[in-house]
Amino acid sequence: MNIQKIGFYGILLAITIAAPFLFPNYTTQLATLWLFIIVSMTWDMTGGQMGYNSLGNIFFYGTGMYVAAVIAIGLVYDVGEYTGASGGGRYDFTNEQYIIGFVLGSLGAGLFCAFSAFILGYVLFGLRGPYFAIGTLGTAIAAGELVSNWDWVGGGQGITLPVYGGDFDQTKLFIYFAFAITGVVLFIFLNWLYKTRFGAAMNAIRDDEEKAEAMGIHTMRYKLVAWAMSAFFIGVVGGISAFQLISFEPLESAYQTINLGIFMVVCVLLGGKGTLWGPIIGAIAFQVFKEVTWNYFLGWQWVALGALIVVTVVYFQDGLMGWLKHTKPEWFGLTVDEKESETRATSKAEAAAR
Amino acid sequence: MDQIIGNIDLLIQFPIVNLKIILDGVMIGALFALAAYGLALVWGVMNVKNLAQGDFVIGGGYVSWWLANNVGLHPLLGVPIAFVVMWGIGWVTYKLVISRVIERDLFTSLLATFGLAIMYAQLMNLMFGSDTQSLVLDVTALGLENNYYFADGLIDLPAAKIIGVALAAILATCVILFMKRSRMGQAIRATAQDARAARVMGIDTEKVYAFTFSLNSAICGAAGAIIVMVWVIQPFYGITYSVRAFVIVTAAGLGNLPGVIAAGLGIGAAEQYGSHVFGIGYQQAIAVMLLLAVLVYRLLQQKRNRQVLQ
Amino acid sequence: MSIIDVSHVSKSYGGVKANTDVSIKVEKGGITGLIGPNGSGKTTLFNSIVGYHPIDSGSIKYEGKEISKMQVPEIARLGLLRTFQQTRIYGEMNCVENMLISLPHRKMSLLETLKKNTAEDRERAEHLLEFVGLFEKRHLRSGSLSFGQQKLLEFAMALMNEPTVLLLDEPTAGINPTLINGLIDRLKRANSEFGITLFIIEHNMRVIMNMADQIYCLAHGELLASGNAADIQNDQRVIDAYLGAH
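First to last, the protein sequences are chains A, B and C.
Each residue of the first sequence is one higher than the last, beginning at 28 in the working numbering.
Each residue of the second sequence is one higher than the last, beginning at 121 in the working numbering.
Each residue of the third sequence is one higher than the last, beginning at 209 in the working numbering.
A portion of the hints provided could be inaccurate.
[What the hints assert, rightly or not] Pairwise CB distance ranges, derived in the manner of DEER restraints:
(1) C:GLU401 - A:GLY34: 44 to 52 Å
(2) B:ASN376 - C:GLU334: 48 to 56 Å
(3) A:GLY34 - C:GLU271: 24 to 32 Å
[Claimed, not checked] For lysine-lysine, the following DSS-like pairs were computed, each having C-alpha atoms within a straight-line distance of at most 30 Å:
(4) C:LYS323 - A:LYS32
(5) C:LYS324 - A:LYS352
(6) A:LYS222 - C:LYS323
(7) C:LYS324 - B:LYS423
(8) A:LYS222 - C:LYS324
(9) C:LYS277 - B:LYS423
(10) A:LYS317 - B:LYS423
(11) C:LYS324 - C:LYS225
Simulated from the structure, these hints should not be mistaken for laboratory data.
Ideal placement from N, C-alpha and C gives every residue a C-beta, glycine not left out.
Next comes chain A alone, as it looks inside the complex:
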């Protein structure tokens, strides 16, 4: 790593740490920004790098929320009784119980989601292309519907978690840093993963899965492990979100198929599929668009977001990174080789001669 790179990452890290102190009124929005960055990056692991476009990754987010809540509550109280009382009765956490529940809940959510990715993936990865997208979407919708009928976890009412006894602003900071740390860890992890043979195998599956299979690459193994890794991180942020929202219900906030579930795809497309920075840039751009325009649409905001999806997909699918790559190839170390154009000319001549 050269000096420039260290400086660049150092500045970014400093901004990350300083941001909530510089803009204390926007801590929640900044935390949400990190959430978007993380889910976009995890979506890109299978969607961009491996060519498996999931529309149901929100399944892991919702499941993560529920698992974290159940663990945190279950450590102290009986879950069925707690949700049965639905806010009635006295159920409090001491600060210590809150922290332990938070940490164990989020990590447990991640592990549970990774495990369920293995099980689901074993079936769903037999599906290719649009069938995979529809199959994953179906899984997420079905899970939301089933959970909303499951009284033990609160049914359609959802769960209300006990709140932290300490200072309210302190809690917000705590949540922000939980997201930020997860995001930084994920970035470092992906930066390494994409350079390994594993990363290359993921790209091979994306570019030509049949060839990869014929070359003896364990396609199923890579697909499962990659999805499980991505599910782990979504599960963790799902868990953190549960503590951030405090009160959540299954269809609108946990398994929110048509909100976050589709936004993560749009963020990735906006920023550029299959790149390390694309999802991050896309998530920031999307979030800025959303925050800036939200107040001006007066009830039309969801229509506007639907339109944004359509426009992005139809007109701007290569995203910002794709556009940059096209206009400034030298930034990416891509030299437009003169030899290449020569070879193209000769190969054309050869083809003509045949």
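Since the structure of chain A is provided, determine the placement of chains B and C on it from the hints.
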């Protein structure tokens, strides 16, 4: 759990209840089959998998509902009008969005139509509110009764459902005859087989695509106008109709008309059984679980052929 | 001893019989050829062996193990590799990346795949690219190579994978005639130096007669003749089949 066993017990104790469930299922399944036929048409001709399918259905329902409430239009007349209005909406959708994603990869069209689905659902929500709506079809003026009873009143058969199924059958017959007999129908089938060859033979495939997509939207609209008479509609119910259409097409395969009808009726019946046994709250879940079940079944079938489902 | 043992395999598509009761043995360490006029069922047989479609009857054994019910990836992981008639490479990657992705993943544990490629891997990749004559082009996007060069790259990728048996579907088709002699030489060296068993579909008689120890000839989906190059060349039935005398 006890409730589920009780519900199953009821089916065994009173076999006639089965008949009612099957009748209900077949009637609603006929409408699913209509939407699925439209999906298969678009899928086969232009290789676009339309996730906004269900929203066209709901859209048609709202057209009829709005006219009945504001102009006092008879619900039966709402069916042809919904057909025409949704034809127009389908045409505009095609020109603005679909025509630009046909040549692209499949995920693009899937995602673009998903975006459309969200947009349409939200628009309907803004325009008509988020309550469930339905229309009452009063046929006493035609000399019919509004409800027919069989088996000592254990089975009731509303006239609206019978008329709905009859309308669905008429519409389906018209569309099939059109596809078989007319020049446009021939052009559509030729394009479905090989678009490039069709272009070389002088068929204006762009026109064929626009026509096919509009026709699909119109069929869905008419189905929706029937659904609003026999069931309820709500702005966000669209996605489950899309899912159902996908289930049917995936189970039956493209270009297999008897298969689409059989799968449609079967899924209608399976859903009715499911919601009878597990409770009405599970109805949406069952529709989606059927999709997963069909996908897994097709997967195993393909695995025997050493192929994957793509 | 034979490494691939195809016995009494039949395969039909609808009413068309692509293979009828075909029996073929591929000797370990040798070069076996498969010839026949267009539409005689050569590629169908290849696809049956590597698992692209089910067979109707008969058995296919690899090292004594029945593989006719296995899926493509499982068969490939046994070390049975094929190249495609229409080449398949990763067009967006450059040649070296194409080679590195072809490392024998079947021999790696999951932990090993989580490492970066070593300097030796790169060296081997470049060495093999040199072997097929693509060293100069190693940093070019592989999709920009000519068809013939892509074929050579696919061959190099196959070698990188260290297969036990390599099934080649028309390796010389579309290759500049002046390069064919060089390719024959490389195929022979792959067989003798790397010890890879070769099973080759070929249209070019000169090429196949030059290389193969054992040749099978298919016509109309049935096995017409087998033997060494001299036997096949003198077999009246083979000559008739190619000239279309029926």
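Starting from A:LYS317, check that the Cα of B:LYS423 is at most 30 Å away, please. violated, 44 Å
I want to verify a distance hint. Is the separation of the beta carbons of C:GLU401 and A:GLY34 within 44 to 52 Å? Check passed, 50 Å falls within 44 to 52 Å.
Given pair status - B:LYS423, C:LYS324, alpha carbons within 30 Å: violated, 34 Å
Can you confirm whether the C-alpha distance between A:LYS222 and C:LYS323 stays at or below 30 Å? At roughly 8 Å apart (the allowed maximum being 30 Å), C:LYS323 and A:LYS222 satisfy the hint.
For the pair we were handed, C:LYS324 and C:LYS225, check the Cα-Cα distance against 30 Å. violated, 48 Å
Verify the proposed pairing of C:LYS323 with A:LYS32, using a straight-line Cα cut of 30 Å. holds, 23 Å
Hinted pair, alpha-carbon criterion (30 Å max): C:LYS324, A:LYS352. Please report holds or violated. holds, 25 Å
Given the hinted pair A:LYS222 and C:LYS324, is their Cα-Cα distance within 30 Å? Holds - the C-alpha atoms of C:LYS324 and A:LYS222 are around 6 Å apart, at most 30 Å.
Keeping to a limit of 30 Å between CA atoms, is the pair of C:LYS277 and B:LYS423 held or broken? The given pair, whose Cα atoms are some 10 Å apart, holds under the 30 Å limit.
Per the hint of 24 to 32 Å, is the separation of the Cβ atoms of A:GLY34 and C:GLU271 within bounds? violated, 57 Å
48 to 56 Å as the expected CB spacing between C:GLU334 and B:ASN376, which holds or is violated: For C:GLU334 against B:ASN376, whose Cβ atoms are near 53 Å apart, the range 48 to 56 Å holds.
Figure legend: structure checked against the earlier numbered hints; hints not met, in rising order: 3, 7, 10 and 11.
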